[in-house]
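Quick mapping for you: the protein sequence lines, in order, are chains A and B.
Sequential numbering from 1 applies to the first sequence in this note's numbering.
Sequential numbering from 712 applies to the second sequence in this note's numbering.
Everything labelled a hint here was simulated from the structure, so no lab data went into it.
Here the structure is a predicted model, which is why all the values come from computation and not from measurement.
From the three backbone atoms N, C-alpha and C, an ideal C-beta is built for every residue, glycine too.
Do not take every clue at face value.
From chain A, some residues computed to sit far from chain B (all C-beta separations above 10 Å) [to be verified]: (1) M218; (2) N384; (3) G455.
Some chain B residues close to chain A (C-beta under 7 Å, calculated; not the full set) [what the hints assert, rightly or not]: (4) M712; (5) N713; (6) G752; (7) Q834; (8) Y855; (9) V942; (10) A946; (11) N1026; (12) T1027; (13) A1030.
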Amino acid sequence: MSTSLANAPLEIRAIGLPLERIEGRAKVTGTAPYAYEQTVADPLYLHPVQATIARGKIASIDSAAAKALPGVVAIITHENAPRLASDKDKELWVLQSDAVGFRGQFIGAVIAQTPEVARQAASLVRVTYAEQPHEAELRADRSDLYAPKQVNPDYPTDTDEGDVEAALKAAAVTIDQTYSTPWENNNPMEPHTTVATWGDGKLTLYDSTQGAHSVRTMLAPLFGLKPEQMRVIAPHVGGGFGSKGTPHAHDVLAGLAAQAVPGRPVKLALTRQQMFSLAGYRTPTIQHFRLGADREGRLTAIVHEVIEQTSRIKEFAEQTAVPTRLLYASPNRRTSHRLAALDVPVPSWMRAPGETPGVCGNEMAMDELAVACGLDPIELRIRNDPPVDPESGKPWSGRNLVGCLREGARRFGWDQRDPAPRSRERDGWLVGLGVASSTYPRYAMPGSVASIRYGADRRYAVRIGAADIGTGTWTALTQIAADALGCPVEAIRMEIGDTDQPNATVEGGSSGITSWGTTIVAAARAFRAEHGDAPREGAEASAGMPENPDEKRFAMHSFGAQFAEVRVNVDTGEIRVPRMLGVFSVGRIINPRTARSQFIGGMTMGLSMALHEESVMDPRFGHVVTQDRRAPADARRAGPALEPDGFARDRRDRHCRRGGGDRQRRLARHRNPRAPPADHAGQGPVLSANTATRSSVIGRLRAARPASDNS
Amino acid sequence: MNPFAYERASNAAGAVAAVAGHPGAAFLGGGTNLVDHMRLGVASPDLLVDITKLPFDRVEELPSGGVRIGAGVRNSDLAADQLIRSRYPMLSQALLSGASGQLRNLATTGGNLLQRTRCVYFQDVTTPCNKREPGTGCSAIGGYTRYHAILGASEHCVAVHPSDMAVAMVALDATVVVLGRLGERRVKLVEFHRLPGDDPWQDTVLGHGELIVAVELPALPFATRSAYRKVRDRASFAFALVSVAAALDVEGGTVRDARVALGGVAHKPWRATQAEAALRGAPATAESFRRAADAELAAARPLDGNAYKIPMVRNTMVAVLRDLSAEATP
Ligand SMILES: Cc1cc2nc3c(=O)[nH]c(=O)nc-3n(C[C@H](O)[C@H](O)[C@H](O)COP(=O)(O)OP(=O)(O)OC[C@H]3O[C@@H](n4cnc5c(N)ncnc54)[C@H](O)[C@@H]3O)c2cc1C
Ligand code: SF4
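Same shape as in the complex, but just chain B (with noise of 0.2 Å):
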């Protein structure tokens, strides 16, 4: 660990000029993913800027219906907001289905999305990491892949965002509110994470200094009827194998509309496109549901320790849509 400095920001414009003129400067949300890649020597900034104390810790109801959540609401708090829990419970259960009680009082919104990957080798510093060290080459790729990614690798990383809030609100289209030096301005969270690429290193769109303010969910009535279901090796404390999350309109038999995203396949949280396309206009039965987890899985590529995530994906999205099937038709 290396000597920092730390401040604790009064404004969000003071805030985002004291990181973005300093090169090593970092903000400091919860501090439960930065100061244990800080012990473990995975980052090394020379300053903290503390945003807890900002404003941005309220979850407000917009005029269009949505929702407004500022990036310093707690994890703990945003899953009990009666707003989120009623309209949008997939972000609920997906919250409340990550890390432990403590940690998810310590946890930001905005720190939450901006975690990082759980590679192994990513948090060993003395194996090669392209992410953490360009260029040094993916010890991933040949070595322990049971975590890693089957959908949008790329030969230079392999590893997987494991955030569970971020799925459902990718499923939830939620834009991101970010504030630079230049003012603000909104990027889609289905495009705020990227691809690995060739540059691995860079885990979002988000430039140095660029501060997260809100994220904001749009309406989606059909929401209200949605599920976050989160396959792991232990009921408690343990990250994903992967995850699904979902909302399924359906009348008449019918899949009017569907929003289905997924956890611990990709470097982001991923939104089954296909997938939804597939359902749209299907029968709600298990045989679309199956047809529309081919083809978002069509496209998977598994690596030598992690070929269990396609079938597990398949059989949990099924399972997903079947549940929230059988919600809808009493």
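Pulled out of the complex, with its shape left as it was, chain A reads as follows (with noise of 0.2 Å):
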């Protein structure tokens, strides 16, 4: 491939474009297969057995009533389990030992003709067990609490820098604040489902997961297997919120009953119940906060000590103190991460893991500041922007913060937010406005391959195993395959989701269409380059995911400014958000219309944490308790009373990538001319969601009804 060819500037055409999603019409009919509902010949259906001790020994089991049902075909448990190659990963050592380290852990199964008499069975097996006491309460004065090696995924665990103890004393104000934030599990609308074939000395899932390859890269060698005797198809997954970043111990159990019974295809679907101790979950965070700052409210000393759990059978980090690091200038910062190893169920990904506790905690002490000194929230964070990257030095690819505060202001009506508390009642709610910034790093992982190939039916293959997870990625695939052969969508014939396809990197850190977007560009080029604009049928190419030298020479985040209206009222207590506006620098958008789900969706999220998501952990047992979606209102999200209104609008950068910007800035112009500045642009030789141009987004949610009104 020439160079000339490989950095040829694209022709925008399907790139920005509201196109409806692709598989949409299939979902809505309910003709798209997700893992549960793939059709495979005569299953069997699998339900666990799991500890109801949270520490000890299984001392034995009895399984004969179980067995004895009409319909059970097996019963696996750590005395007849098939054996798995590696126990370095203590939450995938799924039936391997008599250990329980949770309460809720499987200790075994039942496969049975229907999932009725699976679940009735699981029921009858009787265990006991030497009980060890556990510990399951997250509090600050531990004694044990211990630094990690580093945190989630590959960050430092503590920073120095200056001297903030001095810059503290001196400090004209000082905030001394301990903020906590609750478990939290992410829980998907779609459970976490498995259909395990073992036949012929390979195995088979379908699976519900963020990356067909991922879960096939971590379980082919625990179960013995070379990856071509593994497949892994997820082509529709309803949700994941990073709980099906990474397989879970329901992946194996699947799998080990798949080979209990060859031939057999194997179902497990966890019940939402399950979906508390055996998925992931966000753990909670004991924040302690000292900010100094001279009297014009520019932070002299940041330090954020963060103590939080994992599991004492296998460590998850949480970066929450990461997003300090950047979010605001200081020349003096501190920050560190203190573990306490219980005997909880194991913490993994949630919904941004790190920023979304870290930045909660960094927002609530920046308005705390901002109270302290006398000044508008909104001024004090643009006093204490930081023009580069505190950390590493390196210029921001783009930041833009502090437009995203501005124009949502104004967006908003900010200006008639008054901040004495209590100032404003109307009919019976106190009024009031916030804000908060918001910051994601962005990634882009390497590894990832594409093919394309030119069919009989004169279109283009597209293949890659990435994955859906109702985000929109069959169809931002799609639009940015079309532009990178030159052809229209109709043209594309995208595929996903199958280990059979070329390696694809995980749907997680908001790093999918930007890593999977640049191979498929990479793999464009190739195609063009060996085969021309008229390729004959058959023809093929295909190339990874390319290096992108701006990352070295740029600091590349994300950024947002959030706002609410937040009504509490007079008599009860109640509170209520009736507005959300967001307005976010974020780079190209691919398509607006998935691109606004995501906005609202990350928004509703944070209005769910703040208000409703808490999950109650009864120390005395060492699980949620308040595990029922049917239950009081604890774990559920605010979706059913809000509904989106408004939004989107792309505009892009004057240093922006060839091809195309004109048309789109254009179109930007014409319906958003009081769009916020365009902010300093890296150029980046591949066309993704990088940091080439950058893109204000606004989204906004109004509640559906009046604040008090009836459901």
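Combine the two chains into a complex, taking the hints into account.
Spelled out as structure tokens, the structure:
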């Protein structure tokens, strides 16, 4: 491939259009098969048996009554389960020993002709334990808190720059506060489901996962299989929020069960209740903040010390203080993470691990500082906006947080805010306005490969094992492929969600479209270089994700400003949020329609986290007791009463990438003449949602009904 | 979930006979509570007798001026009924504040009265619970009690009854009409649900095989001015933290009569008789309303996680009475 071709500008036609989801019709008519719905011949059904103690050993298992039930095919426990190859990951070391590490852990499973019989039989398995005392409560005063080697995924545990203690001592204004955030569970709409078949030394999984290839990479060696002996298929996934980013114990359980009944597919769907202990969750956090500032509100010291938990059987260290390293400027900064290893389920990725609780703590502390300095909270944030990345000293590829804050303030009516508490009352509701910054790193994961083949149907089959977890991957990648090949979207046949396709990195860290899109562009260029514009039938080419030299030159993150109107009932103290606005600086928008869903979804999750999502763990038992979405409110999202309103303007930077920018800019100007000024942008050689373009996007939520109304 | 047989009853006596003669049998209304419990292992009937085809689906005016509600009337239909909306607005409001549209379309009047507590330990078969398994202990005590009782609880159970509808019906002094093997009997709703005492597994005074056929509301002219206020975490699809149903009869600035009932505070929908007594004859002022609330709450005993309910009930009761009395004085 010639360099000139590799760097040729893309003619932007499909990218940026609000195309409907190409699988939308199949989904709303119920014909898009999710894992559990895949048609397989003669399936059996699996129901787990779970530990009812938090720590100890299994003394005995009596499955006679379960086995006697008509329809039961097999029962597996640690006594008879097939052996796994490695105990490196204790979460996946399923049914391999008599040890119990947390309440709810799998200790057995029933395989039966129907799901009902499997479930009934599982309830008949009698287990006795040698119980040991357990500890499940996260407290700041534990003596055994420890510093992990690094925090997720590979950030330093602690940082310390300058002299925070001296700066705090000298500061005109200081804030010293501790905030805690609760245990939270991901709870995607589609539960974790797997259909496993073991035949001819090969394991096939229909799995509800954010990464078919990552499931195979982690599980094939565990089952003693070569990669080519295992296939994972996941064309449609009903949400994951991180909990399907890595395989969990249920995948292993299904694989073991399939091994026990070779040739027969085994179907497993976790119940909603089981998902609270078996699919990862966000650790509770205890965050100690100390801020020092001068009278004008300029930060002189930031200290963010985090205490959180992991499971004794496997470490996961949430990077809660990491966003503090770049959000605001201060010459003296200290961040740290300490973990308590408890007898609790294994925490994992959940919806922006680190940023979600960490930015929440930051923004509360900044609000308190604004009050202490007598400053408007937006002005305080603007005064502390770092010109370059405080950590690395690199320039931002684009930040524009200040632009987002200013534009949001204008649209939201921030000037009507009276900072005095209880100053605005309307119809028995106290009304207040609030603001917060948001940020998320721009991740691109190396390792993806895409292939393109020109078929007899005169269409290009674009193959990459990517995942669509409801985000719009099918559609967005089709748009990218169409522009990369210079053909209409109808000429693209996207094929994703299968390890039979070329390797794709996980749909996690918001890296999917960036990584896969860039890979597809590289493959398209390879294809055109080899086969030209009039390929013969069967012409094929592939390429891996190219490197982006800008990654070394720039600090790449997205930013946003969130605004909320919050009402508190004078009589009852009820909290209602009738209105939210988000303004984001995020890079190139591939599809405004699907991007809009992402922003509205993210804002809804923030709202839910703040008001509804506490998972209540009872330390006496060691499990989440609010584990039923039919139970009281705690474990539910804010969804039903909200209705999005308005949206999203794409705009492009002057330095933007070659190809299509002009048209987009005109469109954006036309629709949005007063969009915030474009920020600086790096010029990467590849097209993706990278930093070459920045878009400001407006998301708006409005309560569907008046705050006090009936459902 | 255990295997079960299913029958559809074609007449009331047959339904009663089928369930009464079979210890593992249960009536099936809309199934929105019972079927959940079967999935969770909280209930495991081996025979379901479906009563939704019985002719109990009407709301009728009684010669006395009251209203008779068939036990099979769906919550949505009852909330929308013209008689109910005009004569007992608090009942319509209570129904509409419950669950979701889909659930209300299924849920029946009889099933709503008999829905069981949402206590998280009751619903989790891996934890001890006296209500679910007599004698095993009460996990809520010392545990998660944000939703639990402040009135009338015992050391054996601190659960609350979750129904909104029943709170309004108790304020209206409803009567439950029950058919058993020996014929019909009538029970005042206020005596229908029990306090937990030392046998919390008994939610109500209903015996096995007794079928609710109707609920009767007596005439109460001043209930045309009544309201139901439900305090909850979300504006929709959430159970009550606390709720207040009230009707107020005010003349010349004085309370002639009042009806007040509380939800989310006790093992049963709580008729606030102390508050009612304090209100009768008192001036219709915020001060009187506060005093009435305090009279009712004098007996309140909060748990670790629910002391907030005492001021919440007080404020909500005062607010509801204030709004009703404001309506009364033009
Ligand atoms: C997600 C969710 C949210 C909810 N939110 C609320 C809320 O906010 N407020 C609220 O008040 N409720 C709420 N509910 C509860 C709902 O109101 C009840 O589930 C419903 O009213 C039960 O009625 P049903 O006809 O479905 O009863 P079923 O489930 O059919 O029966 C319940 C019980 O009553 C018995 N039974 C039924 N009919 C009769 C009869 N005629 N005679 C004798 N026994 C009978 C059954 O045997 C069973 O034991 C909610 C429920 C869910 C699932
Ligand atoms: S409060 Fe009642 S229902 Fe809840 S655990 Fe205790 S006994 Fe069971």
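Status of each hint after checking the structure:
1. M218: holds (29 Å)
2. N384: It holds; A:N384 is separated from chain B by about 34 Å at its closest Cβ, greater than 10 Å.
3. G455: holds (45 Å)
4. M712: holds (5 Å)
5. N713: holds (5 Å)
6. G752: holds (6 Å)
7. Q834: This hint holds: B:Q834 lies near chain A, its Cβ roughly 6 Å from the closest one there, short of 7 Å.
8. Y855: Holds - the Cβ of B:Y855 comes within 7 Å of chain A, reaching about 5 Å at its closest.
9. V942: Since chain A brings a Cβ to about 4 Å from B:V942, closer than 7 Å, the hint holds.
10. A946: Hint holds; B:A946 Cβ to chain A Cβ min 5 Å, cut 7 Å.
11. N1026: B:N1026 check passes; min Cβ-Cβ to chain A is 5 Å, inside 7 Å.
12. T1027: holds (6 Å)
13. A1030: holds (4 Å)
Of the hints listed earlier, there is not a single one the structure fails to meet.
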